[in-house]
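Asker: The task is simple: from the sequences and hints, build the whole structure.
Line by line, the protein sequences give chains A and B.
The first sequence maps to residues 21 to 424 in the numbering used here.
The second sequence maps to residues 1252 to 1517 in the numbering used here.
If you're looking for bench data, these hints aren't it; they were derived computationally from the structure.
Among the hints, a few may not be true.
Going by beta-carbon spacing under 8 angstroms, a handful of chain B positions derived as facing chain A [unchecked claim]:
| id | residue |
| --- | --- |
| 1 | GLU1384 |
| 2 | GLU1385 |
| 3 | ALA1405 |
| 4 | GLY1431 |
If you want the footprint, here are the derived chain A segments under chain B, 3+ residues with CB under 8 angstroms [said to hold, decoys possible]:
| id | region |
| --- | --- |
| 5 | 32-46 |
| 6 | 178-192 |
| 7 | 195-202 |
| 8 | 300-308 |
Take a look, some chain B residues computed to stay more than 10 angstroms from chain A by CB distance [to be verified]:
| id | residue |
| --- | --- |
| 9 | SER1260 |
| 10 | LEU1262 |
| 11 | ARG1294 |
| 12 | GLY1362 |
| 13 | ARG1366 |
| 14 | THR1421 |
| 15 | GLU1438 |
| 16 | SER1448 |
| 17 | GLN1449 |
| 18 | THR1494 |
Computed from a predicted structure; not experimentally measured.
Just so you know, even glycine gets a beta-carbon here, dropped at the ideal spot from N, CA and C.
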Amino acid sequence: MTAITLPDRRGHFGIFGGRYVPETLMTALNELLEVYGEAKRDPDFEEEFRYFLRDYVGRPSPLYYAERLTQALGGARIYLKREDLNHTGAHKINNTVGQILLTRRMKKPRVIAETGAGQHGVATATVAARFGVECDVYMGSEDMERQALNVFRMRLMGSRVIAVDAGSRTLKDALNEALRDWATNVRHTHYIIGSVAGPHPFPMLVRDFQSVIGREAREQVLEKEGRLPDVLVACVGGGSNAIGLFHPFLDDGVRLVGVEGAGHGLDTGMHAATLGLGTPGVLHGAMSYTGQDENGQIQVAHSISAGLDYPGVGPEHSYLKDSGRAEYVSVTDDEALEAFELLSRVEGIIPALESAHAIAHIARIAPGMDREEVIVAGLSGRGDKDVEQVDGLLARKGSGESTE
Amino acid sequence: MNRIEETFSSLKSAGRKALIPYIMAGDPDLETTAALVIEMDRRGADLVELGVPFSDPIADGPTIQRAALRALDRGTTLRSIVETVASIREQTVIPIVLMTYFNPVLAYGIGDFCRDAARAGVDGLIVPDLPPEEGVDLSGACRRHGLDVVFLVAPTSTSARIELVNSHTTGFVYCVSLTGVTGARGELADGVDAFMSQVRSHTDRPLGLGFGISSPKQAGEAARLADGVIVGSAIINEMEARTGEPDMLRSVGEYVASLRTGIDAG
Chain A
21 MTAITLPDRR GHFGIFGGRY VPETLMTALN ELLEVYGEAK RDPDFEEEFR YFLRDYVGRP
81 SPLYYAERLT QALGGARIYL KREDLNHTGA HKINNTVGQI LLTRRMKKPR VIAETGAGQH
141 GVATATVAAR FGVECDVYMG SEDMERQALN VFRMRLMGSR VIAVDAGSRT LKDALNEALR
201 DWATNVRHTH YIIGSVAGPH PFPMLVRDFQ SVIGREAREQ VLEKEGRLPD VLVACVGGGS
261 NAIGLFHPFL DDGVRLVGVE GAGHGLDTGM HAATLGLGTP GVLHGAMSYT GQDENGQIQV
321 AHSISAGLDY PGVGPEHSYL KDSGRAEYVS VTDDEALEAF ELLSRVEGII PALESAHAIA
381 HIARIAPGMD REEVIVAGLS GRGDKDVEQV DGLLARKGSG ESTE
Chain B
1252 MNRIEETFSS LKSAGRKALI PYIMAGDPDL ETTAALVIEM DRRGADLVEL GVPFSDPIAD
1312 GPTIQRAALR ALDRGTTLRS IVETVASIRE QTVIPIVLMT YFNPVLAYGI GDFCRDAARA
1372 GVDGLIVPDL PPEEGVDLSG ACRRHGLDVV FLVAPTSTSA RIELVNSHTT GFVYCVSLTG
1432 VTGARGELAD GVDAFMSQVR SHTDRPLGLG FGISSPKQAG EAARLADGVI VGSAIINEME
1492 ARTGEPDMLR SVGEYVASLR TGIDAG
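Answerer: See the structure below:
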């Protein structure tokens, strides 16, 4: 079995993935798998999905040759897959459009979601408004402070945003609370998971919906360069934009590089480098690399970027890491901030802090590459949501304080 | 026959139902946990569930979440819980089941954990985030070491899933009374009678009923439907209300005795 045909029938990517959830949810997961299977065989579903991606989301997103960034770094030719130009400003909406269509097929009147940076919450609130479905979004209270603008957007579109005060008050705890809500209201509620994480079939179906990123990028780069790229680079929190970009290239000889948040540094204990420093474990319904202590307790992650601030990662990434098909590196908060400023200054594109991690890694590798070589980066979202936070951080940095 | 089977079988011949209290190991500390097990045994418990604290307890409501946090803050680990069971075993033969999320077991090592737990006198495991499909390795290790693995059924389980759970569970079938997470509720869930009859039609194994049961009256109602009644959050609420009081142990004992009375009256 090649990587591109995974997961297996029970949702496993090698030893990773699966369904580690309370029995209460098993029937709903089976129903979702069945409905998704029917939808995939139904040409009307595909047509409707494409329609909404085109006319509502604004796809295809451009593959933009970042000429000034390329010049500034003085090496490989750099292309940006502009998911930041999608409706709602990030790649997350590709998945929520797909899942809201499934929700309608299952005739469920309510959806819930978890959100870290707020982008998935906004993308869910958006499709919920468009399809007239009730929507509750769980968000860590710390993230609500960091991403107040997105909280406002969700509420404006008619969703409730429920603050989660438990634990680290970030994405991990929002996921716990969303899973508890789902176990309680599963008969009439669909849980729109926002990443390629969680129990089967979520890692598979979120990947399938996000693979539009890589399919378009593959066509576009062939058209512009007449060949496949040498390297793909994307940031990895749960890993949905990275899988979406990588997956259509799995059978090609393209290098795949995922970039995790190194926070204050890998040796500080305050990072989100789950694949870099974690070990296999079970969190939120799947076996995958996990940030945990020697007793199996999940550790609190740290990243400047709320979307990467998660001690888990999608099981397919764990598989790609162990099989050697993809490599995973990490970038510190400070490096991401520099990249945030760099891309803003030389290209007039303000990236999301998540996406700035991918740019930061490109800034490391591009200068050492040949001028004929090609890098495609996933620019997963725009940075408007982050400017206030970054403004504060830069002001404090300028005055010599720590960025924390 | 192991201790869990023996307990259900002798209760059945006496025409009685099992009282199964749940407490969080290490809340407020492991010495108290050991003392509580002895006290609950003395006050009419037939089997004890010891919760293993986990950082991300997705099947638990606020009461057990808080208890887990307190236990973790005290540095409680799966290893120290196993050692505590060994010390409890010097004083009682009451069956002890550990209720643990899967990750602490994985981190310990499935084989090592089952060996150590069995040696310490643990009788079985309940792993709320492990459906039978993913439980093959754990079930195998438990079988080798003579531990039961109790799988769960829920009101959302189809007949096919009840069959699946029945074919993998040992000891008893854990019936989740409601669609949701643990935590005291005012009433038994609607439809629990029909749910229990449906489960009963698929199995001859003893049925434990838990989630939401919080008063002697409800325990009595549950006892009419099940072979064992599991009460967790309500006991922990009682402990929380008595935090720091010198008679906390006795209060919990009295509460357990009142559940016993409720069940026997049921």
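Asker: Next, verify each hint and record whether it holds.
Answerer: We went through each hint and held it up to the structure:
1. GLU1384: holds (6 angstroms)
2. GLU1385: holds (5 angstroms)
3. ALA1405: holds (4 angstroms)
4. GLY1431: holds (4 angstroms)
5. 32-46: n = 9 at 8 angstroms, threshold three: holds.
6. 178-192: Three-residue rule met by the region 178-192 of chain A, so holds; n is 3.
7. 195-202: Since three or more residues must qualify, the claim that chain B covers the region 195-202 of chain A holds, with 3 doing so at under 8 angstroms.
8. 300-308: Holds, because 6 residues of the region 300-308 of chain A bring their Cβ atoms closer than 8 angstroms to Cβ atoms of chain B.
9. SER1260: holds (25 angstroms)
10. LEU1262: holds (25 angstroms)
11. ARG1294: holds (30 angstroms)
12. GLY1362: holds (15 angstroms)
13. ARG1366: Nearest chain A Cβ is 17 angstroms from ARG1366/B, so the label holds.
14. THR1421: Correct as stated: the minimum Cβ-Cβ distance to chain A is 16 angstroms, above 10 angstroms.
15. GLU1438: With a cut-off of 10 angstroms, GLU1438/B remains clear of chain A, as the shortest Cβ separation is near 16 angstroms.
16. SER1448: At about 18 angstroms from chain A, SER1448/B clears the 10 angstroms cut-off, so the statement holds.
17. GLN1449: holds (13 angstroms)
18. THR1494: holds (20 angstroms)
The structure fails none of the hints (numbered hints given earlier).
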